[in-house]
Amino acid sequence: MGEPDATGRSARPWLRRTGRMLVLAYAALLVLGAWPSERTPVLGPLSRFAWDTLARMSVRPGMAIFQHESESNRVLVAHCLRVVGHASEGRETRLWSPTCPPRGPVFGTDYQDVVMQRATRAARIAPLLPEDGRLPRMMDPHVQRFVAIGDWFCRSPEAGAGRYDRVELTQQQLWRSTEDGRYLAGPPLVCAFDCGVTHRAPRPRCRLASGDDPAHALFPPVAP
Amino acid sequence: MSAGPSTRAVDRFFSPAPQAAMVACRIGFGALLFVSYAAKLPWVQTLYGPRGMGGHELASRFAEGAFGRDLDAPFRWLLYNGSETLVWVLYAALLVAALGFALGVRTRTCGAVALVLHALFLARNQYAYYGWAWMAKPFLLYVILAPTGRWVSLEAWRRGRRAPDWTGPGWPLRLLRLHVCTMYAVAGWNRLDDPVWRRGEAFFGALTDRRFARFDLDWWPFRAWLEPFSHVAFVAEPLAPFVLWVPGLGAAWAILLMALHLGLEIFANVGWWQWLMMTALLVFLPVGWVERPLRALDRRGHRWLGPPEPSPPDGPPAERSSSGRGARIRAGP
Numbered sequence: 001m002g003e004p005d006a007t008g009r010s011a012r013p014w015l016r017r018t019g020r021m022l023v024l025a026y027a028a029l030l031v032l033g034a035w036p037s038e039r040t041p042v043l044g045p046l047s048r049f050a051w052d053t054l055a056r057m058s059v060r061p062g063m064a065i066f067q068h069e070s071e072s073n074r075v076l077v078a079h080c081l082r083v084v085g086h087a088s089e090g091r092e093t094r095l096w097s098p099t100c101p102p103r104g105p106v107f108g109t110d111y112q113d114v115v116m117q118r119a120t121r122a123a124r125i126a127p128l129l130p131e132d133g134r135l136p137r138m139m140d141p142h143v144q145r146f147v148a149i150g151d152w153f154c155r156s157p158e159a160g161a162g163r164y165d166r167v168e169l170t171q172q173q174l175w176r177s178t179e180d181g182r183y184l185a186g187p188p189l190v191c192a193f194d195c196g197v198t199h200r201a202p203r204p205r206c207r208l209a210s211g212d213d214p215a216h217a218l219f220p221p222v223a224p
Numbered sequence: 225m226s227a228g229p230s231t232r233a234v235d236r237f238f239s240p241a242p243q244a245a246m247v248a249c250r251i252g253f254g255a256l257l258f259v260s261y262a263a264k265l266p267w268v269q270t271l272y273g274p275r276g277m278g279g280h281e282l283a284s285r286f287a288e289g290a291f292g293r294d295l296d297a298p299f300r301w302l303l304y305n306g307s308e309t310l311v312w313v314l315y316a317a318l319l320v321a322a323l324g325f326a327l328g329v330r331t332r333t334c335g336a337v338a339l340v341l342h343a344l345f346l347a348r349n350q351y352a353y354y355g356w357a358w359m360a361k362p363f364l365l366y367v368i369l370a371p372t373g374r375w376v377s378l379e380a381w382r383r384g385r386r387a388p389d390w391t392g393p394g395w396p397l398r399l400l401r402l403h404v405c406t407m408y409a410v411a412g413w414n415r416l417d418d419p420v421w422r423r424g425e426a427f428f429g430a431l432t433d434r435r436f437a438r439f440d441l442d443w444w445p446f447r448a449w450l451e452p453f454s455h456v457a458f459v460a461e462p463l464a465p466f467v468l469w470v471p472g473l474g475a476a477w478a479i480l481l482m483a484l485h486l487g488l489e490i491f492a493n494v495g496w497w498q499w500l501m502m503t504a505l506l507v508f509l510p511v512g513w514v515e516r517p518l519r520a521l522d523r524r525g526h527r528w529l530g531p532p533e534p535s536p537p538d539g540p541p542a543e544r545s546s547s548g549r550g551a552r553i554r555a556g557p
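So the protein sequences, as listed, match chains A and B. Be aware that the first sequence starts at 1, since it is given in our numbering, and climbs by one per residue. Be aware that the second sequence starts at 225, since it is given in our numbering, and climbs by one per residue.
Keep in mind that a hint or two might mislead.
Quick look at which bits of chain B chain A covers, simulated, 3 or more residues with Cβ under 8 Å [stated by the list, open to error]:
| # | region |
| --- | --- |
| 1 | 321–331 |
| 2 | 407–414 |
| 3 | 504–511 |
Partial selection, computed: residues in chain B whose CB lies under 10 Å from chain A [said to hold, decoys possible]:
| # | residue |
| --- | --- |
| 4 | 419 |
| 5 | 447 |
| 6 | 448 |
| 7 | 452 |
| 8 | 453 |
| 9 | 497 |
Hints in this document: simulated from the structure, not taken from any laboratory. Glycine is no exception: its CB is placed at the ideal position from the N, C-alpha and C atoms.
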């Protein structure tokens with residue numbers, strides 16, 4: 001930055017001014033990016049530009065957390081998962097079937113459970129179901145991460161490791177009405193992964209099962 | 225000719241500022257990073273390895289560049305890593321760097337290494353984190369840019385480097401304050417139309433959601449008691465970007481927000497969000513509240529871990545105080 005003068009300031013003021021301008025520009029992007037773009041038509045495009053610019057630097061002005069569905073009169077209680085391996089001779093093995101909703105106090109974090117829950121949120125996957133049940137839009141990052149879960153159970157030494165021809169992942173959500181406290185179960189989403197696919201990206205077949213189907217419902221229609 | 229208001233504002237933004245809160249953030253963020261990654265030890269290869277969930281083994285079966293296109297581009301290269309050993313090496317390096325940053329050893333270097341490695345692991349498997357991990361990146365950067373290694377640091381203690389004036393460049397501190405405010409702006413303003421928040425049901429929802437709730441309790445009979453907490457948060461967070469800057473009231477608001485975060489941490493597990501925000505809010509507390517305990521800690525550190533003071537040029541070594549390493553030096557006969 002150059003030898004300091006008697007006041008201790010740099011002898012290259014242009015560098016100092018440039019640094020200051022960059023910091024101020026960054027601060028301005030933070031403030032603009034945080035502005036609710038949909039509420040202010042004038043600042044909206046600027047706000048979105050600021051948000052996108054910061055995103056390219058891997059920075060977010062903030063995060064919208066604890067959001068809920070619009071017109072919602074229910075809250076989510078649990079997002080339950082079960083993974084079953086099916087071998088060619090008909091043998092079935094439960095590879096993942098935690099108690100859901102969990103019982104008792106929970107103080108630690110099972111990070112595999114966290115990843116699986118977040119990657120398999122039915123709310124993101126169910127709208128993508130095409131008519132023939134095969135997941136479309138394999139470029140969709142949510143679909144890719146969902147596929148990663150099933151594929152891991154097919155191939156990982158900790159899980160299926162090639163012992164199964166097919167792995168079936170079932171997910172179901174449990175809600176609670178905020179009007180009368182009733183528990184409400186969503187339909188199970190069942191996706192089957194062909195473990196024999198090794199040379200290309202797996203494309204599971206998915207379908208929404210009936211909530212009354214005992215083979216796939218992860219909790220009874222009227223919950224705990 | 226006197227400077228205009230905008231020039232004065234800019235000069236004020238870059239003027240020196242007390243650094244105690246940034247030192248506290250260095251310790252807090254470094255410790256948070258260390259503990260959060262240490263807790264992932266049993267799942268390192270499952271989460272980050274090439275044969276883990278969404279790793280290189282799967283990515284290689286997609287068309288080139290087709291997998292993980294939404295990931296932060298500069299940091300996604302762990303997705304193409306085929307070595308489990310490299311994952312272990314980077315993981316260990318991150319733990320060491322985070323601990324070094326918290327303790328104040330090669331502070332800036334450790335901080336930078338921890339930040340980069342954290343960004344790499346986050347990009348490799350973002351579902352292994354809650355949102356705190358994204359906000360931690362710029363927060364860490366601001367603390368790295370501040371001279372926080374001068375105080376309450378092992379390195380300063382061991383070398384006997386004392387810096388009695390706890391001030392330094394103010395712009396990293398002000399950037400952190402600004403970013404804390406924008407965080408509350410985004411979180412708080414996006415809820416204004418949320419029906420669950422408007423009805424005061426948000427806390428009931430958070431405690432009922434067993435993905436996060438720590439306790440297996442039926443909160444339905446108590447939902448009316450939870451409404452005030454929802455309403456307080458519904459008001460406190462959207463107003464925080466403005467009120468935190470008001471002298472006096474800002475500190476009280478910061479304490480209110482800390483209390484909300486602490487309450488949520490007791491009843492819900494959303495990763496390290498609450499600890500990150502409680503630490504970051506220290507930048508809005510009165511300087512003395514943070515600086516006094518840190519100064520006391522710094523004095524003890526220098527006394528216990530600092531180099532022995534040199535002997536006077538004539539006569540026997542002086543009697544030392546009864547505490548610390550100097551106690552081993554005794555006066556001669």
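For each hint, the structure was consulted:
Figure legend: the region 321–331 of chain B, annotated as covered by chain A; annotation inconsistent (0 residues with Cβ-Cβ distances under 8 Å, at least 3 required). Interface restraint, the region 407–414 of chain B with chain A: holds (7 residues with C-beta to C-beta distance below 8 Å; minimum three). Counting residues of the region 504–511 of chain B whose beta carbon lies closer than 8 Å to any beta carbon of chain A gives 0, which falls short of the minimum of three for the stated coverage. For residue 419/B, the interface hint holds, the least distance from its beta-carbon to any beta-carbon of chain A being 6 Å, beneath 10 Å.
Evaluation of the residue 447/B hint against chain A yields a held restraint, the C-beta minimum of about 8 Å falling below 10 Å. Evaluation of the residue 448/B hint against chain A yields a violated restraint, the C-beta minimum of about 12 Å exceeding 10 Å. A hinted interface residue such as residue 452/B counts as satisfied when its beta carbon comes closer than 10 Å to some beta carbon of chain A; here the least separation is about 16 Å, so the hint is violated. This hint is violated: residue 453/B has a C-beta 13 Å from the nearest C-beta of chain A, more than the 10 Å allowed.
With 10 Å as the threshold, the beta carbon of residue 497/B comes within range of chain A, its nearest partner Cβ sitting at about 8 Å, so the hint holds.
In the structure shown, a violation is registered for the earlier hints numbered 1, 3, 6, 7, 8, in ascending order.
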